[in-house]
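Generate the whole structure from the sequences, applying the supplied hints.
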Amino acid sequence: MVRLMVTTLLLFLASPAYAMHISEGILPFDWAVLWFAVAAPFVALGVKRLNGLAKDDLAMKPLVGLMAAVVFVISCMPIPVPTAGTCSHPCGTGIAAILVGPLVSVLVAAVALLIQAIFLAHGGLSTLGADIVSMGVAGSFAGWLVFRGARKAGANLAVAGFLAGVAADWLTYAVTSVELASAIRGNEPFLPLFGKILIAFVPTQLPLGILEGAMTAGMVVLLQRKRPDLLVRMRVTKGGNGVAAMLFVLLLAATILTSSPSLAADKWAGVDEAVVEKVAREHGREARRPLIDLGEGDLQLFAFLLAGTAGGFAAGYYWRMLVSEKRPAGRG
Amino acid sequence: MHHFSRYRHGADHPLTRLDPRLKLFSALALLSMVISCKGFAFPLLAAVMCGGLCIGMGVPLRLLMLRFAEPLFIAVMVVLLKLFFVGEVPLFSVHVLGLDIIGHREGLVDGLRIAVRISGAVSLVALLGFSTSFTDLMGALAWFRVPRTIIEIAMFAWRYLFVLLEDAQVVYHAQKNRLGYAGYRRGLRSFGTLAGALVIKAFDNSQNITTAMVQRGYDGTMPLMRHRPFRPGEVIFSLLFVLTMGIIWRM
Chain A
1 MVRLMVTTLL LFLASPAYAM HISEGILPFD WAVLWFAVAA PFVALGVKRL NGLAKDDLAM
61 KPLVGLMAAV VFVISCMPIP VPTAGTCSHP CGTGIAAILV GPLVSVLVAA VALLIQAIFL
121 AHGGLSTLGA DIVSMGVAGS FAGWLVFRGA RKAGANLAVA GFLAGVAADW LTYAVTSVEL
181 ASAIRGNEPF LPLFGKILIA FVPTQLPLGI LEGAMTAGMV VLLQRKRPDL LVRMRVTKGG
241 NGVAAMLFVL LLAATILTSS PSLAADKWAG VDEAVVEKVA REHGREARRP LIDLGEGDLQ
301 LFAFLLAGTA GGFAAGYYWR MLVSEKRPAG RG
Chain B
1001 MHHFSRYRHG ADHPLTRLDP RLKLFSALAL LSMVISCKGF AFPLLAAVMC GGLCIGMGVP
1061 LRLLMLRFAE PLFIAVMVVL LKLFFVGEVP LFSVHVLGLD IIGHREGLVD GLRIAVRISG
1121 AVSLVALLGF STSFTDLMGA LAWFRVPRTI IEIAMFAWRY LFVLLEDAQV VYHAQKNRLG
1181 YAGYRRGLRS FGTLAGALVI KAFDNSQNIT TAMVQRGYDG TMPLMRHRPF RPGEVIFSLL
1241 FVLTMGIIWR M
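Heads up: the sequence lines are chains A and B, in that order.
Per this note's numbering, residue 1 is the first one in the first sequence, and the count goes up by one each step.
Per this note's numbering, residue 1001 is the first one in the second sequence, and the count goes up by one each step.
Be aware that one or more of the hints could be misleading.
[To be verified] FRET-style restraints, in silico, Cβ to Cβ:
#: 1; chain 1: B; residue 1: A1069; chain 2: A; residue 2: A37; range: 26 to 34 Å
#: 2; chain 1: B; residue 1: M1222; chain 2: A; residue 2: A44; range: 19 to 27 Å
#: 3; chain 1: B; residue 1: V1163; chain 2: A; residue 2: K238; range: 40 to 48 Å
#: 4; chain 1: B; residue 1: M1222; chain 2: A; residue 2: G154; range: 22 to 30 Å
#: 5; chain 1: B; residue 1: R1145; chain 2: A; residue 2: V38; range: 16 to 24 Å
#: 6; chain 1: A; residue 1: V276; chain 2: B; residue 2: Q1215; range: 49 to 57 Å
#: 7; chain 1: A; residue 1: P192; chain 2: B; residue 2: H1013; range: 46 to 54 Å
#: 8; chain 1: A; residue 1: G154; chain 2: B; residue 2: T1211; range: 20 to 28 Å
#: 9; chain 1: A; residue 1: S182; chain 2: B; residue 2: V1089; range: 20 to 28 Å
#: 10; chain 1: A; residue 1: K238; chain 2: B; residue 2: D1012; range: 41 to 49 Å
#: 11; chain 1: B; residue 1: M1065; chain 2: A; residue 2: G154; range: 46 to 54 Å
[Unchecked claim] Taking beta-carbon pairs under 7 Å as the criterion, some of the chain B residues facing chain A (in silico):
#: 12; residue: S1036
#: 13; residue: A1195
#: 14; residue: I1200
Because the hints were derived from the structure by calculation, they are not lab data.
Computed from a prediction, not measured in an experiment: that's the story for all the values here.
Ideal Cβ positions, reconstructed from N, Cα and C, are used throughout, including at glycine.
Listed below in structure tokens is the structure:
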């Protein structure tokens, strides 16, 4: 009880809560290597997945790069946490996973974390593996699975987005607590320290997770209102509202119906035979035999080809005169 | 949020001109030594050395303090957690609200050890960040065979990070001026709108970038900067430095 109170006391001393990433140097060498080993297969799968997507769509790599920039910017934004009276920042991997899928989202998180580690001292190079596992792997997969599950269960976009944001945030912190407790416990047993660290995160992260859920829901709803095409393209929602599919079915049905066996005569006469020749015959002006009869077939086609070539050559040779050149003044 | 920039500090400093591959190699070697060190002296030495070099390069002290604020906050939290929760030998006790809060000797020592390690490691990475441009660093990572796709994404992210940050700032100030952050509910809605607007901008920009790049011959892979050949003097200096630090680490 005393220790719990001390923990609570320590937490309320907090100024800005930056506990999202494990800080540089906090993990001993062996733990740092272990978390790199855990993160590596997910990053490799993310690279493979992205390369596959980029083969079909060249815009995928720039898109994922920009998503990494968005995650970076979002995770730099201060967000007020009412219970702790401080500002913290969301992780943003929930929305990334919803939009680009969990494997590519791991890559997005890895890049955002790398830049933050080197140029902001948020997280670190030695803790990059651990941070990728907590924020990238756990956050992305939790967000994506919960979103898909909620959608399958019939939840609307806002509710599914909210649940995904909450799950991504809370699971990130749960895994961060595991990583921290296992690294700094020394000779102490793991579970009590894990519990303490988890409790230490509660005043900030419990409300922050809810806030991140609300933020994720807001983002998804905004996208649905303003740019539903993006959600369709990223396969978050299915395309259209059924109208396009209905029109397609109607068009297909009309085509099939009109291509059914005709009641007309077997052979339709052309305009020349049915109208022109008929009128000419009525007026005693039937067609005469041509002066040069090339007949039908290849010889006639060859004659047309020769005439076309000669005409084309002449037009090409004199095109300047026809189009742009003006005759000098005083001539003709 | 804005205590970083795309510009290097101390452009004339010898460390800034050092080959980025050698800088990265030395930094990673030193980082491994710092985080695997059990004592106090070596991480402290790294912290003092790297902090001093940062100041020598002309990094403003305020920027340095801002960079260290988060890790130092975490270091303090770790020390307090260890002090009150780990150990058997009491160091002091405080009577607060009818409760005896006991600080332990072993916990304090353990906590301080981690805090010193954090300081050393953060100083080292801060020095690397201040003395190396992003493109140089990405080129060095590519030389160390980090997957090309990661490098390309990082380059895209870095290029458009500042554009998105500026956009975010503009939207944020516009929302704030219109009382968009008056109260938690409105603030939250405004924040969601801001984040959503950034995602839309990212999508649109990615399409425009792709069109522009395809017109310039982009086929799915980006060319990276070529490195100049290693200078023997720089290589020998880096190896000697790492070797010396290794000997100190072993002592």
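Going down the list of hints, with the structure as the test:
1. B:A1069 to A:A37: 26 to 34 Å: Roughly 31 Å apart at Cβ, these two residues keep to the hinted range, so it holds.
2. B:M1222 to A:A44: 19 to 27 Å: holds, 20 Å
3. B:V1163 to A:K238: 40 to 48 Å: violated, 32 Å
4. B:M1222 to A:G154: 22 to 30 Å: Given a distance of about 43 Å, which is not inside 22 to 30 Å, the answer is violated.
5. B:R1145 to A:V38: 16 to 24 Å: holds, 20 Å
6. A:V276 to B:Q1215: 49 to 57 Å: The hint (49 to 57 Å, Cβ to Cβ) holds, given that V276 of chain A and Q1215 of chain B are roughly 53 Å apart.
7. A:P192 to B:H1013: 46 to 54 Å: holds, 48 Å
8. A:G154 to B:T1211: 20 to 28 Å: violated, 39 Å
9. A:S182 to B:V1089: 20 to 28 Å: Holds - the Cβ-Cβ distance for S182 of chain A and V1089 of chain B, about 24 Å, lies within 20 to 28 Å.
10. A:K238 to B:D1012: 41 to 49 Å: Given a distance of about 59 Å, which is not inside 41 to 49 Å, the answer is violated.
11. B:M1065 to A:G154: 46 to 54 Å: holds, 52 Å
12. S1036: Holds: closest Cβ of chain A sits about 4 Å from S1036 of chain B, inside 7 Å.
13. A1195: holds, 5 Å
14. I1200: holds, 5 Å
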